[in-house]
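Listed below are the residues making up each chain.
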Amino acid sequence: MEIFNPLAPYNLPIIIWQTVWMGMVLGFVIVFALVAVWLERKISAYAQDRYGPMETGGWGFHGWAQTLADALKLLLKEDIIPALADKRLFKLAPYIVFAGSLGVLAVIPFGANLIGTDLNIGVYYAVALSSTVVIGILMAGWASNNKWALYGAMRSAAQIVSYEIPISLSLMLPVMMAGSLSFIDIIEAQRVGFPGEGYFWNWYLFRVPPFTFIAFIIYFWASLAETNRTPFDIPESESELVAGYHTEYTGIRFAMFFLAEYANMFIVAAIATTVFLGGPLAPAPWLNFIPGPIWMVLKAMVIVFVQIQLRWTLPRVRVDQLMHICWKVFLPLALLNFIAIATVAMLWPK
Amino acid sequence: MPVHELNIPLGPSHDKIVKLTGESMTLNMGPQHPSTHGVLRVELHTDGEVVHDAIPHLGYLHRCFEKICEGLPYNQVLPYTDRLDYCAAMNMNFGYVLPVEKLMGIQVGDRVQRIRVVMAELNRIASHLIAIGTYGLDAGAFTPFLYCFRDREHILDLFEQVSGGRLLYSYMCIGGLMADLPEGWIARCLEFCDYFEPKIDEYNNLLSYNKIFTERTANVGVLPPEVAIACGCTGPMLRASGVKWDLRKDEPYSGYEKYDFNVIVGEGAKGTVGDSWDRFFVRVLEMTESVKIIRQALAGIPEEDISATIPKNFMKMPVGDVYFRSETPRGEIGFYIVSDGTKNPYRLKVRSPAFCNLSAVPYMARDQLIADLVIILGSVDIVLGEVDR
Amino acid sequence: MIDWRDWVEEKFPDSKPEWIQEALEDEKSLLLPTEQFDTIVRALRLDDQARFDSLHCIAGVDRKQYIEVVYILFAFSRNERLKLKVRANNELQEIPSITELYPSADWHEREIYDMFGVYFRNHPDMRRILMPDDWEGHPLRKDYVQPEFYNGWRIAAEEEHRTARPVN
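As given, the protein sequences belong to chains A, B and C, one line each in that order.
Position one of the first sequence corresponds to residue 1 (my numbering), numbered consecutively onward.
Position one of the second sequence corresponds to residue 351 (my numbering), numbered consecutively onward.
Position one of the third sequence corresponds to residue 740 (my numbering), numbered consecutively onward.
It should be emphasised that the hints constitute simulated quantities derived from the structure, not laboratory data.
Please note: incorrect hints may appear among the correct ones.
[Claimed, not checked] Below, a list of computed lysine-lysine pairs in the BS3-like style, where the Cα atoms sit at most 30 Å apart:
(1) Lys608/B to Lys549/B
(2) Lys824/C to Lys599/B
(3) Lys693/B to Lys755/C
(4) Lys42/A to Lys693/B
(5) Lys417/B to Lys767/C
(6) Lys755/C to Lys666/B
[What the hints assert, rightly or not] Residues from chain B shown here face chain A by an in silico Cβ test under 8 Å; the list is partial:
(7) Ile367
(8) Leu370
(9) Leu377
Ideal Cβ positions, reconstructed from N, Cα and C, are used throughout, including at glycine.
Take the sequences, apply the hints, and build the full model.
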């Protein structure tokens, strides 16, 4: 196995390419986070029989620049740190949450060759890194010197750590079917299969009904819990815990938590589309003229839209009910699903 | 207060026993908190998420209403009564003018009685909409809140046409009303009734029968009827515990005996009788009954002069005391007025329903989770204005 | 309809209850002695004939020579109301608490203490409820004088509230 030598001159183009690509992806995700906040406000507004932002931005078109204005406002706000807070942890926490969420971007494929790095343990890396967010949240809750923030942090730790298991189990299905943890291999495996190459019924969502469908559903709901979205938004439940673990955060630190949440939404949706919906693959081969990243973003947006819609429709579950759902409903279901798919794969190897 | 005790053997031969005790955590919910419906401080003693004790602390909104009223003539007390329970101001006015009229021996005419009933019932609907909307908000459902407020806007428009105010009206005065109904108001009110009745199905589909909401609220904060009566709870809270008691039926005033409506009693449809879901659902169904009463009151309303029975001055008040209670959206409000013959009340005491309902919270909150405490507080539906006066 | 005055006198011969009848026909109150008050109320609560199972309201009235505490009891089964009055004659007189008979009396008695300074014996948690815990004075008394300072903050007197200040 060769070791990548970053100082060797023949590796320079790779390094430049990866830096440029990561810069582009990071920029895209930040812009996406801004757009997602705007989209959430509009969707929630129309669901609630009102308009939402309407004024900001040129031509006043439905307040498209509202998030920019809010982000600017947050940047200019006073940076308050509670007197008895643990300053180092307090300052470090948002960065850990941000980094933990965005680090997964390195392995998300936007096209057959458009990927940061095609790790051969791609899925494993994604799941592991996104669970380090827990450390940041715990730091935020503890360092705030606020009992309510501590409650939010404790609940969040329990929630995220528990829901890692259904996520991993449901992601194991496509991994098992593709035979590889690498994202690119999983995408390639979704191109062939049923007669009709490159059509959408090759995607893992439709591959072995109903097992992969169940896996997708479990992954979707567990990912709602990972990103702290309603109905699992207990750690930041506004009506119970004021604002949960980020109660004491103001200004740019709060903005980092906020953007990290929306970026995480996209990343989780991106993983779902890559693994279950074929990622950058077009639904039919004659649509291949539309480039892969567009399909990727489109499919991720559909999932993000559903996530937003759910937030404004459903109430919140209680923390012990949340644990019950994870351990007594999702986990057995995911396990049974896994065993069923393994049986199917053994009996009808495809 | 130690809640857990562990004896841990230490040392190479496990002979030293070290005793570790846990302590309960004391934290304050409020006075600034999104879910306490006002400035209420609840001191919680918790062990992790389980609440051992919840002690409400009041007085953050105390505005010395009773002392102020001792220095004002009877008719000038009226705007202050609006500010008691600002979500149901018409009912507060109603509760005040009834005992004073009883003391002075004034009998108001039929038109005044019917209009008062319509205003009180419209305000009951508006207040229950707030209760339902904010209850959904406490449980995490953001959207029904806005639907309830959208419908409440229609009621506030009606009130604004009648009295000029959206939230605080001072509409009923002693012996009558401040002003008669404007042109076409009755038609608009009946139009609202037609618009509103199907909306209740919408709320039921969105919130009441929603599985997550039911899981959150059923079997949470069960209040047995004996405890409810012992704590002095009244109104929807008492009815949800199974006690069929409604002042509008059992001690009718202002013509309520003429109207045909049901008294909604909690039946434990989703859990036990007297849990938070029952308290919530009783309020939803009471809105339908209020619409019925409004329709009956407006049908056959006579054309009379409403200012015929308004007294000219309060110079000759009889000496004595009176206690009269009426049914507000939160329970029974009682005004105890002591008069010494002068134009100011000697003592005006308000027996506020939310004050007594709130005193049942420590009983309901024992050994519940913190998340449940929020649900329980929301189902009691307090308004701090009348708790603290 | 039982005449409660006769009923109480029969059960407690030395209590000498009196009806107080004022302006309105149906608003008469039963004046009871302070010392035996809780035993009389216990009889009214538990006795089969009486069974007043709910306490509606406890109100205090400052009658200058004494402070009158008014209890309004209610019987659900008979839809009957009874108003009791007890007098606290001076600063130090205590009224026995009826909290163990009617748990709803807990907060009402605390309010009477807060507003009038009447102490209730055997109350589980006798402290102020509406005013801050360290407030001086009992506001609803007729001879109440508002303190000028509270914890170092100056409380403006009424005349100062009403005086208009020039705008410049």
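Now the hints, each set against the structure:
Between Lys608/B and Lys549/B, the direct Cα distance comes to roughly 27 Å. Compliance with the 30 Å bound is thereby established for this hinted pair. Restraint check: the Cα-Cα separation between Lys824/C and Lys599/B comes to about 29 Å, which is no more than 30 Å; the hinted pair holds. Our distance criterion of 30 Å between C-alpha atoms is broken by Lys693/B and Lys755/C, whose separation comes to about 34 Å. Taking the CA atoms of Lys42/A and Lys693/B, the gap is about 57 Å. The hint is violated against a cut of 30 Å.
For the suggested pair Lys417/B and Lys767/C, the alpha carbons sit about 25 Å apart, so the restraint of at most 30 Å is met. Between Lys755/C and Lys666/B, the direct Cα distance comes to roughly 33 Å. Violation of the 30 Å bound is thereby established for this hinted pair. The restraint placing Ile367/B at the interface with chain A is violated, with a minimum CB-CB distance near 29 Å, outside the 8 Å limit. A least Cβ separation of about 19 Å between Leu370/B and chain A goes past the 8 Å threshold, and the interface hint is therefore violated.
For Leu377/B, the suggested interface contact is upheld, since its CB lies about 4 Å from the closest CB of chain A, less than 8 Å.
Hints 3, 4, 6, 7 and 8 from the list above are not met by this structure, while the remaining hints are.
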